[in-house]
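K.L.:
Letter by letter, the first sequence follows residues 13 to 430 of the working numbering.
Rather than coming from a laboratory, the hints here were simulated on the basis of the structure.
A virtual CB, placed ideally from N, CA and C, is assigned to each residue, including glycine.
A hint or two may mislead.
Said to hold, decoys possible - Below are the PhoX-like pairs computed for lysine-lysine, each with C-alpha atoms no more than 20 Å apart in a straight line:
hint	residue 1	residue 2
1	K242	K206
2	K196	K185
3	K21	K60
What the hints assert, rightly or not - Have a look at the derived ranges for each label pair, beta carbon to beta carbon:
hint	residue 1	residue 2	range
4	E267	H45	34 to 42 Å
5	G364	R132	40 to 48 Å
6	S324	S418	30 to 38 Å
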Amino acid sequence: MRRSQLFTKTMKNAPADETSLNAQLLIRAGYIHKEMAGVYAYLPLGLKVIDNIKQIVRQEMEAIGALEIIMTNLQRQELWEKTDRWDDDKVDIWFKSQLKNGNPIGLAWSHEEPITDMMRNYIASYRDLPANVYQFQTKLRNELRAKSGIMRGREFVMKDLYSYSRDEVEHQKFYDSVTAAYLKVFDRVGIGDKTFVTYASGGSFTQFSHEFQTVTDAGEDIIYLDRTSKLAVNKEVFTDEVISQLGLDKSAMEELKASEVGNIFSFGTAKSDQLGLNFTDQDGKEKGVVLGSYGIGITRLMGVITELFADSKGLVWPDAIAPAAVYLIRIGDSQPVTAEADELYNLLTASGIGVIYDDRNARPGDMFADADLLGIPNRVVISEKTLANEKYEWKQRTSEKAEQISREKLLNMLGFRK
RNA sequence: CGGGGUGUGGCGCAGUUGGCUAGCGCGCCGCGUUUGGGACGCGGAGGUCGGAGGUUCAAGUCCUCUCACCCCGACCA
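Hey, can you work out the whole structure from these sequences and the hints?
P.N.:
What follows is the structure, encoded as structure tokens:
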């Protein structure tokens, strides 16, 4: 995109009411807009990041045989009553409203119940199983107190996946494949080395659920990590009994702050029983479908990545999710410089390489500062100087110095394909 | 929900024991000089001081109510 067309602005100061680093930087860089406490809009650059993360998640979900759908945000009371989760005393984060006729409706904070109920239409036989569906959805949660910028809002985007299996064996197999897929996702978005499978409370259905915890001081959770096995235990279940059950050595475990970027858990057939999701097995008997539920907080993930990589100059995006690969700066507006910059911009854009082209004819310092604040991985400068050398100036966001490189080398590095 | 705090142009802030036309920096507009790390000069625009009510000759400033936002705690399938 051309910078002159980007309506958002960068700011030197963050709003005083934002204390979390992620919200401060994302607002200053024009990625998000705060609508109210815990509620943020995603602007062009922020949306690109979200879309890039989604695309990675989507690829990994498709790879393990899950299909994408999109459920509704309005939900029926009766479904949640069947599982005893409608009552505000049971679930205290409900947003509720009503239809014109006065019938209560719930605003989606999760989709386990509606999806499972819907699947009754499609699952009747063992031949219909397994079935795995996922979606990217806006969840609405009436948190008592929003905090940590986009890491814990009242409205946020989540990828939620639900698996329907014939039995525990089939379920476990898929559960394991999700674990592997999630680790791949976190690896691809650049936080693989800081994200750990973590044993956490399994609620009323199983002893444990598994969380994916990314180590960061911005996190709200406390985990105990065993670096050698790369396994962690959430503080909420960190007891001597659990430690020995998992074969871990307490003295070798490190206490760390972390943020939960993913969570997977098994329901057994409990929820299926409550909602009446059964199938007829090969032996002619009716059985409950084994259910699993798997979430990745997309917007939280964006916040965690922001916190993890940002430096004193601003955002720093991993290549895989950056809103653009290149921030192209044109110094001066002489005809040769402009022609060269336009040409490079068109060439890269046409080959699918994302470019933010700073065509504002602003002062160099302003453009350099913006390139840094926006966190674009590569900065390319075209000026009279570079033209004279017949080179481009190239600098990575994470490196200190710039170098002069040939067009071929630049294109190569950016993965240019005709 | 308990405790603490903050609301003054788009953003960051100042504004004394109530007193005159509410200031400053950044940003914005115009003109000029500049042009490789957030330039400079001159001239401008922009504010129901969160909202409502009250006290007073006079309220950004005092009182009451209210709304929003932030922090700590609690909560967090």
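K.L.:
Starting from the hint 40 to 48 Å, judge whether the C-beta atoms of G364 and R132 obey it.
P.N.:
42 Å, holds
K.L.:
Verify the proposed pairing of K196 with K185, using a straight-line Cα cut of 20 Å.
P.N.:
17 Å, holds
K.L.:
What's the verdict on K242 and K206, does the C-alpha distance respect the 20 Å limit or exceed it?
P.N.:
Cα-Cα ~10 Å, so holds.
K.L.:
Confirm or reject the claim that E267 and H45 have a C-beta distance inside 34 to 42 Å.
P.N.:
For H45 against E267, whose Cβ atoms are near 36 Å apart, the range 34 to 42 Å holds.
K.L.:
Tell me if the straight-line CA distance from K21 to K60 falls inside 20 Å.
P.N.:
16 Å, holds
K.L.:
May I ask you to test the hint 30 to 38 Å on the CB atoms belonging to S324 and S418?
P.N.:
The hinted range 30 to 38 Å holds for S324 and S418, with Cβ atoms some 32 Å apart.
Checked against the numbered hints listed earlier, the structure breaks none of them; every hint is satisfied.
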